[in-house]
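Participant: Chains S and E are the protein sequences, given in the same order.
Quick note on our numbering: the first sequence kicks off at 16 and runs consecutively.
Quick note on our numbering: the second sequence kicks off at 16 and runs consecutively.
Keep in mind the hints are simulated off the structure, nothing from the lab.
Check each hint, because a few of them may be wrong.
Stated by the list, open to error - With the Cβ distance kept under 8 Å, some of the chain S side facing chain E (calculated, not the full set):
#: 1; residue: Thr-30
#: 2; residue: Gly-33
#: 3; residue: Ala-38
#: 4; residue: Gly-108
#: 5; residue: Ser-112
#: 6; residue: Tyr-393
What the hints assert, rightly or not - DSSO-like cross-link-like pairs, simulated, lysine-lysine; straight-line CA separation at most 27 Å:
#: 7; chain 1: S; residue 1: Lys-58; chain 2: S; residue 2: Lys-45
#: 8; chain 1: E; residue 1: Lys-45; chain 2: S; residue 2: Lys-53
#: 9; chain 1: E; residue 1: Lys-389; chain 2: S; residue 2: Lys-91
#: 10; chain 1: E; residue 1: Lys-45; chain 2: S; residue 2: Lys-58
#: 11; chain 1: E; residue 1: Lys-227; chain 2: E; residue 2: Lys-372
#: 12; chain 1: E; residue 1: Lys-73; chain 2: S; residue 2: Lys-91
#: 13; chain 1: S; residue 1: Lys-173; chain 2: E; residue 2: Lys-448
#: 14; chain 1: E; residue 1: Lys-58; chain 2: E; residue 2: Lys-73
#: 15; chain 1: E; residue 1: Lys-58; chain 2: S; residue 2: Lys-91
#: 16; chain 1: S; residue 1: Lys-73; chain 2: E; residue 2: Lys-173
#: 17; chain 1: S; residue 1: Lys-58; chain 2: E; residue 2: Lys-91
#: 18; chain 1: E; residue 1: Lys-217; chain 2: S; residue 2: Lys-73
#: 19; chain 1: S; residue 1: Lys-173; chain 2: E; residue 2: Lys-58
#: 20; chain 1: E; residue 1: Lys-58; chain 2: S; residue 2: Lys-45
#: 21; chain 1: E; residue 1: Lys-58; chain 2: E; residue 2: Lys-217
#: 22; chain 1: S; residue 1: Lys-173; chain 2: E; residue 2: Lys-73
#: 23; chain 1: S; residue 1: Lys-58; chain 2: E; residue 2: Lys-173
#: 24; chain 1: S; residue 1: Lys-173; chain 2: S; residue 2: Lys-227
To be verified - A few chain S positions that, by computed beta-carbon distances, are all more than 10 Å from chain E:
#: 25; residue: Asp-23
#: 26; residue: Gly-35
#: 27; residue: Arg-41
#: 28; residue: Arg-70
#: 29; residue: Asp-83
#: 30; residue: Glu-84
#: 31; residue: Arg-126
#: 32; residue: Ala-190
#: 33; residue: Leu-259
#: 34; residue: Glu-383
#: 35; residue: Val-398
#: 36; residue: Glu-433
#: 37; residue: Ala-444
The beta-carbon is built from N, C-alpha and C at its ideal position, and this holds for glycine as well.
Number of protein chains: 2
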Amino acid sequence: MRDFSLSDTIAAIATPPGEGALAIVRLSGKDAISIADKVFQGKASLNDLPAGSARFGKIVDTEGSVIDEVIAVVMKNPHSYTGEDSVEITCHGGYYSSSRILQALLQIGARQAERGEFTLRAFLNNRIDLTQAEAVTELVSSRGEMRHRIALEQLSGKLHERLRAIIEELKQIVALVELGIDFAEEDIEIQSRHEVNDRIRKLLGELRELAKGYRIGKVIREGYQVAIAGKVNVGKSSLLNMLLDMERAIVTEIPGTTRDSITETITVNGLEIHLTDTAGMRDKTERVESIGIERAGEIIASSDLILLMFDPTAGFDEDDKRVVDAIGDTPKLTVLNKCDLLEEAGRERAVKRFPSKIDITISAKTGENIEELKQSIYDSAIVDDEKVGTEVVITNRRHYQCALTAITELENAAECKEGSEFLADHLRAALNKLGEITGEVTTEDILNSIFDEFCIGK
Amino acid sequence: MRDFSLSDTIAAIATPPGEGALAIVRLSGKDAISIADKVFQGKASLNDLPAGSARFGKIVDTEGSVIDEVIAVVMKNPHSYTGEDSVEITCHGGYYSSSRILQALLQIGARQAERGEFTLRAFLNNRIDLTQAEAVTELVSSRGEMRHRIALEQLSGKLHERLRAIIEELKQIVALVELGIDFAEEDIEIQSRHEVNDRIRKLLGELRELAKGYRIGKVIREGYQVAIAGKVNVGKSSLLNMLLDMERAIVTEIPGTTRDSITETITVNGLEIHLTDTAGMRDKTERVESIGIERAGEIIASSDLILLMFDPTAGFDEDDKRVVDAIGDTPKLTVLNKCDLLEEAGRERAVKRFPSKIDITISAKTGENIEELKQSIYDSAIVDDEKVGTEVVITNRRHYQCALTAITELENAAECKEGSEFLADHLRAALNKLGEITGEVTTEDILNSIFDEFCIGK
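All chains, please: the whole structure from these sequences, using the hints.
Facilitator: Structure (structure tokens):
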């Protein structure tokens with residue numbers, strides 16, 4: 016079971032494993048500075064430093080052997096990430112130094128932090144609310160600009176502020192209704208049911224507006240799922256490779272992007288787009304290509320959009336028809352490939368030969384119209400009337416589900432024909448659900464499930 | 016070509032790629048603080064902070080959009096790693112934040128650092144010598160305690176000091192000999208050839224002592240190569256697994272240790288020991304096991320020690336003989352496995368049945384005597400008269416080769432029967448080689464080859 020007490024001092028390595036120039040070991044808690052000082056040898060004691068000081072020194076183990084030369088950064092309650100006294104020790108990278116430093120700290124009184132425990136402490140110390148805590152995992156895992164920006168807005172508290180306003184208004188309504196109950200016998204009406212209903216409906220509008228953003232928020236958060244479908248040799252792999260090569264040219268500085276996986280990610284205007292070749296595995300034998308047809312069904316079902324590819328040099332045949340049937344009603348963009356093989360006039364004729372409306376003609380070989388294709392994919396992901404400006408968007412399923420329940424309860428409240436007690440119950444239920452989003456109302460279960468998604472050291 | 020100028024300001028991400036809680040973007044150079052300040056928004060300007068300050072703030076891009084919330088640590092010339100003004104920006108982990116922050120810094124005047132360029136600057140600014148610079152890569156890649164300790168001693172300048180003393184003495188001898196040449200026509204002998212020779216021989220002794228440590232230094236740096244040999248079913252895989260399982264129990268906190276590779280590493284008393292199963296791949300089919308026999312020759316040739324395993328329940332047969340022949344003169348420890356299957360008396364009889372002397376009886380199944388086996392491996396790696404205490408050890412091939420050449424030149428000098436000009440030439444050549452180790456005498460080629468081994472951001 017997770018430890019929700021704030022009485023001990025936690026420590027963890029906060030940088031990813033692997034060989035890098037630097038690594039950070041992080042400490043937080045009331046004894047963070049004195050524990051760090053026990054292993055730190057520098058010109059001054061860490062205990063004597065003002066908040067916001069960084070000092071060079073050596074870390075020694077309990078037997079006095081030097082582990083590494085480091086910079087220790089001292090931060091003090093409440094002006095730190097966690098709101099507690101904190102020390103960040105920047106040491107040489109690689110496995111050894113950071114592990115040994117952590118070990119030394121654990122030996123003299125620190126406790127190994129659990130996943131997300133630094134952020135949990137920031138929450139428990141009221142530095143941030145739950146929406147902000149959740150934004151931290153988002154920030155760490157985001158690759159696209161849009162997702163990053165929304166996470167950052169959430170971290171800076173914009174969703175929190177918007178929810179706070181709604182919660183405050185709801186609290187006032189609840190207070191009025193409950194006051195009405197108290198004074199009911201004395202026949203004093205604090206506020207008319209009609210007025211209360213108006214206020215509830217106004218809140219409902221705001222909450223629905225917030226919830227409406229979830230589809231787009233989900234696309235931004237989880238990326239837009241696009242499957243490339245078409246018969247064998249229509250150019251699915253070539254198109255995927257072309258899209259990836261253009262991406263690679265842009266994002267070479269981002270490591271870890273591998274072309275071995277079945278689903279590849281590109282970003283278009285900052286939106287993450289996950290591309291899956293329905294042939295399953297590229298550059299493999301025909302056998303695998305045929306297995307692909309069977310897997311295609313699953314992939315199509317889990318996609319937001321299908322790129323349906325046709326080959327004008329082969330014409331529309333039974334194989335194409337099978338693919339079209341497999342796609343069914345899933346939203347699609349119809350793409351005529353290999354247009355480099357056709358004259359201008361031939362293209363027009365070819366387009367007319369296909370039963371489906373052709374949305375775009377491209378050449379996966381020469382790259383013709385590939386930018387236009389990317390823009391079309393983006394446009395189908397981010398529908399005009401949902402355009403993401405600076406407004407607050409719900410991206411998180413947990414928030415969405417709480418908001419939906421709150422909306423249902425408010426609808427029940429608005430339509431409540433029974434006594435004020437029932438009305439108050441609905442309003443309280445809505446309030447609780449909104450409080451769950453921000454963390455005003457929490458159970459340990461909610462906290463566990465949220466912070467278990469974090470990495471150690473965060 | 017590498018840029019050896021110190022006029023610009025360099026920047027790089029200094030933490031490994033991957034999702035972690037925190038990442039560091041590092042800046043060094045005369046404009047480091049002012050460049051960082053242009054993208055930093057905090058309560059105070061970074062320009063106004065005293066050295067050794069850490070401040071919370073936001074990083075904004077050139078268009079004013081917030082990239083992340085960070086801690087910026089300001090260090091000033093000469094009290095920084097590089098000896099220059101430096102800023103370390105600790106941001107949220109993951110790919111996006113650190114890449115965007117780096118990008119923003121590059122847009123406003125910083126240059127992407129090359130491999131090892133921060134450490135190169137520390138060298139060029141005379142903060143450290145080359146032996147210390149080289150220790151930095153060692154520190155980052157070390158996993159074993161011994162290697163780490165020696166790297167740390169080298170970083171702290173112990174090898175540097177020892178070499179400095181030798182170089183200073185050699186410089187004095189050269190000066191005397193050259194003075195002698197100048198005064199030769201006047202028939203004044205500054206110091207007798209005999210006295211000079213005594214001093215050269217004394218230096219030779221010290222250098223040979225230093226070079227002698229290389230074998231042990233190499234073992235510490237590169238680890239001790241141990242091959243497990245024996246016929247099919249003698250228990251090679253079981254032994255390897257037993258050794259690794261014990262290791263895993265100790266080092267579970269170190270990520271990246273995989274059992275899929277052919278060579279596995281354990282540490283014994285802080286020494287890295289690389290174990291290779293001569294069967295090539297474990298847990299595979301018999302076919303692979305038989306391929307193993309052919310590969311065994313290569314593995315044995317590149318090993319420092321062979322664990323030759325026998326099976327007392329099978330007795331010594333033709334297969335054992337083939338393995339013994341394959342090992343030839345390579346140093347070995349003879350191991351009788353499966354002793355859990357034998358009674359005490361049976362063991363003694365079994366030991367006598369084998370033509371080779373049995374060094375140790377073990378059970379790879381129950382773990383019996385496995386600790387003793389590990390100690391025996393360690394003892395054969397670290398021979399008594401080479402025991403590594405706190406003395407300075409050469410671990411680096413470049414240092415060793417320079418030292419060997421210097422020794423040869425000093426030997427030539429000591430035996431030189433020709434004129435003082437020739438003597439002086441040998442001494443100068445030795446001096447140059449020693450200067451190459453510390454970096455007093457360097458060419459850009461040497462610097463390139465050293466710093467190309469670094470990671471970006473170091």
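Participant: Confirm or reject each hint.
Facilitator: Consistency of the hints with the structure:
1. This hint holds: Thr-30 of chain S has a C-beta 4 Å from the nearest C-beta of chain E, less than the 8 Å allowed.
2. A distance limit of 8 Å between C-beta atoms decides the matter here; for Gly-33 of chain S the minimum to chain E is near 3 Å, and the interface restraint holds.
3. At its closest, the beta carbon of Ala-38 of chain S sits 7 Å from a beta carbon of chain E; the interface hint therefore holds under the 8 Å criterion.
4. Below 8 Å, beta-carbon pairs count as interface contacts, and Gly-108 of chain S has one with chain E at about 5 Å; its hint therefore holds.
5. Hint status for Ser-112 of chain S relative to chain E: holds, with the closest Cβ pair at about 7 Å, below 8 Å.
6. Checking Tyr-393 of chain S against chain E: minimum C-beta separation of about 19 Å lies over 8 Å; hint violated.
7. About 23 Å separates the Cα atoms of Lys-58 of chain S and Lys-45 of chain S, which keeps this hinted pair within 27 Å; it holds.
8. At roughly 35 Å between alpha-carbon atoms, Lys-45 of chain E and Lys-53 of chain S are farther apart than 27 Å, so this suggested pair is violated.
9. With a CA separation close to 47 Å, the supplied pair Lys-389 of chain E and Lys-91 of chain S exceeds the 27 Å bound.
10. Simply put, Lys-45 of chain E and Lys-58 of chain S have alpha-carbon atoms about 25 Å apart, close enough for the 27 Å limit, and the pair holds.
11. Of the supplied pair hints, the one linking Lys-227 of chain E and Lys-372 of chain E is violated, its CA atoms being roughly 31 Å apart against a limit of 27 Å.
12. For the hint linking Lys-73 of chain E to Lys-91 of chain S, the alpha-carbon distance of about 19 Å falls within 27 Å, and the restraint holds.
13. A C-alpha spacing of about 64 Å is found between Lys-173 of chain S and Lys-448 of chain E, which places the hinted pair above 27 Å, so the restraint is violated.
14. Note on Lys-58 of chain E and Lys-73 of chain E: the hinted pairing holds, with a Cα-Cα distance of about 10 Å set against a maximum of 27 Å.
15. Simply put, Lys-58 of chain E and Lys-91 of chain S have alpha-carbon atoms about 16 Å apart, close enough for the 27 Å limit, and the pair holds.
16. About 16 Å separates the Cα atoms of Lys-73 of chain S and Lys-173 of chain E, which keeps this hinted pair within 27 Å; it holds.
17. The suggested pairing of Lys-58 of chain S with Lys-91 of chain E holds, with an alpha-carbon distance near 16 Å, which does not exceed 27 Å.
18. Pair hint Lys-217 of chain E plus Lys-73 of chain S does not hold up; C-alpha atoms about 36 Å apart against a cutoff of 27 Å.
19. Of the pairs offered as hints, the one joining Lys-173 of chain S and Lys-58 of chain E holds, with about 21 Å between alpha carbons and a cut-off of 27 Å not exceeded.
20. Of the pairs offered as hints, the one joining Lys-58 of chain E and Lys-45 of chain S holds, with about 25 Å between alpha carbons and a cut-off of 27 Å not exceeded.
21. Our distance criterion of 27 Å between C-alpha atoms is broken by Lys-58 of chain E and Lys-217 of chain E, whose separation comes to about 62 Å.
22. Of the supplied pair hints, the one linking Lys-173 of chain S and Lys-73 of chain E holds, its CA atoms being roughly 16 Å apart against a limit of 27 Å.
23. Distance restraint check for Lys-58 of chain S and Lys-173 of chain E: the Cα-Cα separation of roughly 21 Å lies within the 27 Å cut-off, and the hinted pair is therefore satisfied.
24. At most 27 Å may separate the alpha-carbon atoms for a hinted pair to count; Lys-173 of chain S and Lys-227 of chain S meet this at roughly 17 Å.
25. Even its closest Cβ contact with chain E, about 19 Å, leaves Asp-23 of chain S beyond 10 Å, as expected for a residue assigned away from the interface.
26. Taking the minimum C-beta to C-beta distance to chain E, about 4 Å, the non-interface status of Gly-35 of chain S is violated against the 10 Å cut.
27. Against the 10 Å criterion, Arg-41 of chain S falls within the reach of chain E, whose nearest CB is about 7 Å from its own CB.
28. For Arg-70 of chain S, the requirement that its beta carbon stay farther than 10 Å from each beta carbon of chain E is not met, with the minimum near 6 Å.
29. Listed as outside the interface, Asp-83 of chain S is inconsistent with that label: its C-beta sits roughly 7 Å from the nearest C-beta of chain E, within the 10 Å cut-off.
30. With a closest Cβ-Cβ approach of about 7 Å to chain E, Glu-84 of chain S is found to fall inside the 10 Å limit, against its non-interface label.
31. No beta-carbon of chain E comes within 10 Å of the beta-carbon of Arg-126 of chain S; the shortest separation is about 14 Å.
32. Its beta-carbon lying about 36 Å from the closest one in chain E, Ala-190 of chain S satisfies the requirement of being farther than 10 Å from that chain.
33. Chain E leaves Leu-259 of chain S outside its interface by the beta-carbon criterion, the shortest separation being 17 Å against a cut-off of 10 Å.
34. No Cβ of chain E approaches the Cβ of Glu-383 of chain S within 10 Å, the least distance being about 30 Å, so the stated non-interface status holds.
35. Even its closest Cβ contact with chain E, about 24 Å, leaves Val-398 of chain S beyond 10 Å, as expected for a residue assigned away from the interface.
36. No Cβ of chain E approaches the Cβ of Glu-433 of chain S within 10 Å, the least distance being about 48 Å, so the stated non-interface status holds.
37. Distance check for Ala-444 of chain S against chain E: the nearest CB is about 35 Å away, which clears 10 Å, and the non-interface claim stands.
The structure is inconsistent with the numbered hints 6, 8, 9, 11, 13, 18, 21, 26, 27, 28, 29, 30, although it conforms to all the rest.
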